[in-house]
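Please put together the full structure from these sequences, using the hints given.
Listed below, chain by chain, are the residues.
Protein chains: 6
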Amino acid sequence: MTTVRLIEYQDAEPAVRAVYDDIRATRKTDFINNFWKALANNPVQLAATWQAVKAVMAPGALDALTKELIYIAVSVANSCEYCTHSHTAAARAKGMSDAQHAELLAVIGMAFHTNGLVNAMQVEVDDVFRV
Amino acid sequence: MTTVRLIEYQDAEPAVRAVYDDIRATRKTDFINNFWKALANNPVQLAATWQAVKAVMAPGALDALTKELIYIAVSVANSCEYCTHSHTAAARAKGMSDAQHAELLAVIGMAFHTNGLVNAMQVEVDDVFRV
Amino acid sequence: MTTVRLIEYQDAEPAVRAVYDDIRATRKTDFINNFWKALANNPVQLAATWQAVKAVMAPGALDALTKELIYIAVSVANSCEYCTHSHTAAARAKGMSDAQHAELLAVIGMAFHTNGLVNAMQVEVDDVFRV
Amino acid sequence: MTTVRLIEYQDAEPAVRAVYDDIRATRKTDFINNFWKALANNPVQLAATWQAVKAVMAPGALDALTKELIYIAVSVANSCEYCTHSHTAAARAKGMSDAQHAELLAVIGMAFHTNGLVNAMQVEVDDVFRV
Amino acid sequence: MTTVRLIEYQDAEPAVRAVYDDIRATRKTDFINNFWKALANNPVQLAATWQAVKAVMAPGALDALTKELIYIAVSVANSCEYCTHSHTAAARAKGMSDAQHAELLAVIGMAFHTNGLVNAMQVEVDDVFRV
Amino acid sequence: MTTVRLIEYQDAEPAVRAVYDDIRATRKTDFINNFWKALANNPVQLAATWQAVKAVMAPGALDALTKELIYIAVSVANSCEYCTHSHTAAARAKGMSDAQHAELLAVIGMAFHTNGLVNAMQVEVDDVFRV
Chain S
1 MTTVRLIEYQ
11 DAEPAVRAVY
21 DDIRATRKTD
31 FINNFWKALA
41 NNPVQLAATW
51 QAVKAVMAPG
61 ALDALTKELI
71 YIAVSVANSC
81 EYCTHSHTAA
91 ARAKGMSDAQ
101 HAELLAVIGM
111 AFHTNGLVNA
121 MQVEVDDVFR
131 V
Chain X
1 MTTVRLIEYQ
11 DAEPAVRAVY
21 DDIRATRKTD
31 FINNFWKALA
41 NNPVQLAATW
51 QAVKAVMAPG
61 ALDALTKELI
71 YIAVSVANSC
81 EYCTHSHTAA
91 ARAKGMSDAQ
101 HAELLAVIGM
111 AFHTNGLVNA
121 MQVEVDDVFR
131 V
Chain W
1 MTTVRLIEYQ
11 DAEPAVRAVY
21 DDIRATRKTD
31 FINNFWKALA
41 NNPVQLAATW
51 QAVKAVMAPG
61 ALDALTKELI
71 YIAVSVANSC
81 EYCTHSHTAA
91 ARAKGMSDAQ
101 HAELLAVIGM
111 AFHTNGLVNA
121 MQVEVDDVFR
131 V
Chain Y
1 MTTVRLIEYQ
11 DAEPAVRAVY
21 DDIRATRKTD
31 FINNFWKALA
41 NNPVQLAATW
51 QAVKAVMAPG
61 ALDALTKELI
71 YIAVSVANSC
81 EYCTHSHTAA
91 ARAKGMSDAQ
101 HAELLAVIGM
111 AFHTNGLVNA
121 MQVEVDDVFR
131 V
Chain R
1 MTTVRLIEYQ
11 DAEPAVRAVY
21 DDIRATRKTD
31 FINNFWKALA
41 NNPVQLAATW
51 QAVKAVMAPG
61 ALDALTKELI
71 YIAVSVANSC
81 EYCTHSHTAA
91 ARAKGMSDAQ
101 HAELLAVIGM
111 AFHTNGLVNA
121 MQVEVDDVFR
131 V
Chain D
1 MTTVRLIEYQ
11 DAEPAVRAVY
21 DDIRATRKTD
31 FINNFWKALA
41 NNPVQLAATW
51 QAVKAVMAPG
61 ALDALTKELI
71 YIAVSVANSC
81 EYCTHSHTAA
91 ARAKGMSDAQ
101 HAELLAVIGM
111 AFHTNGLVNA
121 MQVEVDDVFR
131 V
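Residue numbers (the working numbering), protein chains in the order written: chain S, 1 to 131; chain X, 1 to 131; chain W, 1 to 131; chain Y, 1 to 131; chain R, 1 to 131; chain D, 1 to 131.
Source of the hints: derived by calculation from the structure; they are not laboratory data. A hint or two may mislead.
For chains that are exact copies, the list does not tell them apart, and a pair is met inside one copy or across any two.
[To be verified] Computed cross-link-like contacts, SDA-like style, restricted to lysine to any residue with a CA-CA straight-line distance of at most 25 Å:
1) Lys54 / Ala15
2) Lys94 / Met1
3) Lys94 / Ala61
4) Lys94 / Glu13
5) Lys28 / Arg130
6) Lys94 / Ala12
7) Lys28 / Asp127
8) Lys94 / Gln10
9) Lys94 / Ala15
10) Lys94 / Arg130
11) Lys54 / Gln100
12) Lys54 / Asp11
13) Lys54 / Asn33
14) Lys94 / Ala58
15) Lys94 / Val53
16) Lys54 / Asp127
17) Lys54 / Arg27
18) Lys28 / Ala102
19) Lys94 / Asp11
20) Lys28 / Asp126
21) Lys54 / Asp126
22) Lys54 / Leu65
23) Lys94 / Pro14
24) Lys54 / Tyr9
25) Lys54 / Pro43
Here it is as structure tokens:
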């Protein structure tokens, strides 16, 4: 269904294999998900995107799980089915509990709800919010 | 600019005043932002929405700041200008540091980036993500 | 703020004036809103769009007000500020009461809410919904 | 494909069964669609969402079918596949004719069309629309 | 899965067959894709949409391939799975090379990235961009 | 209105000034637009984003203007007001004629139109589009 070919490890050029190897080492799993196999049609973009994702998602001022929750929230609102699946799986792998998932869903539902109301009423930004 | 009238405290009926009073008590501030003043045209919806927001955003399995970050992420992806402003302000009021804000922005940017790539390539969901 | 010039009646070529005249006659008002003045940079597109809007929004199996409510709903979900303003005004001009507006807002809020939940849980379509 | 488990009646706790029973009684059918089975992982959210949907979608200043049409419009623009399927089915169950469906599609198409044009030209809101 | 019936040539009324014939003649292929078969439930809308698409997508100040790339970009950002598939196929049929597709993906990814950052920071439009 | 401070050249640290200098040299203008001034709160992200945009938008298999048109299309569909303004200005600076702009608008409008119809009818992807 993908509009590009999925590149498997055995068919990949060295630059792609190097990224796949780093994904495996970083995640401590042999599994490479389809997103990277699709992106591998452009080895330069594959490497750049992986380096960027790896850097951005590493724990810092926000912990790794919080970052996954934010990633899920964006993916849901952008209607990205694949991203919602893969980052929900990633959040679980990073320790998201069922209770945390339930609250994530509740916040997403509430945010959608008020986003719709605000856009429908075209509420103007309070002066105090304009720094 | 709002498509409905903003209801000020002095012009509000008792049911609306009760909600405004609870917003003030909960947030420990006299300030009522425009969203609630707009919603007050429908006192039943005002009360229901405030109760729901208050319950959902209270700390639980996720802390209050994490919930605000998720709320911002959804609001940004839904292109809700008002919501982005008001929840960024709320996150700051709940202690979001500049470093945390910078990482939030980085995660949002990265999530948008891969959402776009995934939807453009129509990557199919890996079997392993289908529980 | 518009990225194109707004074409006023006195500066317009005959093909544009003809459309403006028909908008005025159809709506029984002298007022031409900015959307048409912006579109008038391309007289062919102006005429085609006006004819299409006029035909689609005329009462048929659905009445004119119901069509405006649907138009508002789409515009809100597509985050089109201008469209939300102009079609809310049009709905009022076609008789939308405050009570109807309040219910429109409630349905939009609820639809956003469950859209978010469904996309977050990636609920699969029931067989019965697949005709 | 759903990111959460679907809770069947026989596996459900009493609070969930009570909601399922009310859905069946309200809709006069034994069928419970997947959305509710997914939401049932959080019985509190299930009950709250069902009560809210039931109240909002009941006929009032707008009739029940008009509310479904608005719900479909939002769901389409939010790219919610499941919601579009389930609310199109609901609209049909509430009497939507083929002619009404055809006009709904035409209005949605037209609204998308002008939403795109307006956002591309960044048309500024006419003063007259700012109440 | 489609919410409407797909109308095949042999079941179509003359007005629909005329459009199908023109699609085949214009595209120099016997294949009619599902979008038109779905739209054929409303012969008037089918004819109007096909005429509009045919006119808009014909080469003019922009060549036919550039127009397909723009169409894909919109479809991706509107999360239209079908449209992304069909217009990617159309772009390939009009000569899009793998290298061009790779750059299209890179631009889409980058645009999504900065769209997210800009909406998250609510950057105000520079005066110089307001003509 | 921006939720972060805009960093002017005279207040910027050396790493930020280096990026500003490169933007000016690349674009052959002294003007730095607000997006970069906002992003400069995070010098690492500023540098990474600028390098990525510069590389992606350089002419390659697609020329620089075509890339801007794609960027505008994404920005419009993602409802990014700032991005639509800034990339429309960039497209004009790279030679976009009024006729090309008019055709861009027509394609965006048409793509929105059919995106809406397809999502409303949930048209299933033709087998031939699934490579």
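Evaluated hints:
For the homomeric pair Lys54 and Ala15, the shortest alpha-carbon distances inside one copy (17 Å) and between copies (23 Å) are both at most 25 Å. Proximity of Lys94 to Met1 under the C-alpha cut-off of 25 Å is restricted to the inter-copy arrangement: shortest distance 20 Å between copies versus 29 Å within a copy. For the homomeric pair Lys94 and Ala61, the shortest alpha-carbon distances inside one copy (17 Å) and between copies (15 Å) are both at most 25 Å. Proximity of Lys94 to Glu13 under the C-alpha cut-off of 25 Å is found in neither arrangement, the shortest distances being 31 Å within a copy and 29 Å between copies.
For the identical chains of this complex, Lys28 and Arg130 are inter-copy neighbours only, at 21 Å across copies versus 45 Å inside a copy, given an alpha-carbon limit of 25 Å. For the identical chains of this complex, Lys94 and Ala12 are neighbours neither inside a copy (29 Å) nor across copies (28 Å), given an alpha-carbon limit of 25 Å. In this assembly of identical chains, Lys28 and Asp127 lie within 25 Å of each other by CA distance solely across copies; the values are 19 Å between and 49 Å within a copy. With identical chains, the CA atoms of Lys94 and Gln10 are never at most 25 Å apart, being 29 Å at best within one copy and 32 Å at best between copies.
Taking the shortest alpha-carbon separations for Lys94 and Ala15, neither the intra-copy value of 28 Å nor the inter-copy value of 31 Å comes in at or below 25 Å. Taking the shortest alpha-carbon separations for Lys94 and Arg130, only the inter-copy value of 18 Å comes in at or below 25 Å, while the best intra-copy value is 36 Å. Proximity of Lys54 and Gln100 under a CA criterion of 25 Å is satisfied in both settings, with 23 Å inside one chain copy and 17 Å between copies. Taking identical chains as interchangeable, the C-alpha atoms of Lys54 and Asp11 lie at most 25 Å apart only when both belong to the same chain, with a minimum of 24 Å there against 31 Å between chains.
Taking the shortest Cα distances, Lys54 and Asn33 sit within 25 Å of each other inside one copy (15 Å), while across copies they are farther apart (29 Å). For the homomeric pair Lys94 and Ala58, the shortest alpha-carbon distances inside one copy (12 Å) and between copies (23 Å) are both at most 25 Å. In this assembly of identical chains, the alpha carbons of Lys94 and Val53 lie at most 25 Å apart only when taken from the same copy (16 Å versus 27 Å across copies). Proximity of Lys54 to Asp127 under the C-alpha cut-off of 25 Å is restricted to the inter-copy arrangement: shortest distance 23 Å between copies versus 38 Å within a copy.
Within a single copy, Lys54 and Arg27 get their C-alpha atoms as close as 10 Å, which meets the 25 Å cut-off; across copies the closest is 31 Å, which misses it. In this assembly of identical chains, Lys28 and Ala102 lie within 25 Å of each other by CA distance neither inside one copy nor across copies; the values are 27 Å within and 28 Å between. Neither within a single protomer nor between protomers do Lys94 and Asp11 lie at most 25 Å apart by alpha-carbon distance, with minima of 31 Å and 28 Å respectively. For the identical chains of this complex, Lys28 and Asp126 are inter-copy neighbours only, at 18 Å across copies versus 48 Å inside a copy, given an alpha-carbon limit of 25 Å.
Within a single copy, Lys54 and Asp126 get their C-alpha atoms only as close as 37 Å, which misses the 25 Å cut-off; across copies the closest is 20 Å, which meets it. With identical chains, the CA atoms of Lys54 and Leu65 are at most 25 Å apart both within one copy (14 Å) and between copies (24 Å). With identical chains, the CA atoms of Lys94 and Pro14 are never at most 25 Å apart, being 30 Å at best within one copy and 32 Å at best between copies. Taking the shortest Cα distances, Lys54 and Tyr9 sit within 25 Å of each other inside one copy (20 Å), while across copies they are farther apart (31 Å).
Proximity of Lys54 and Pro43 under a CA criterion of 25 Å is satisfied in both settings, with 16 Å inside one chain copy and 18 Å between copies.
Taken one by one, the earlier hints fail for this structure at numbers 4, 6, 8, 9, 18, 19, 23, listed in ascending order.
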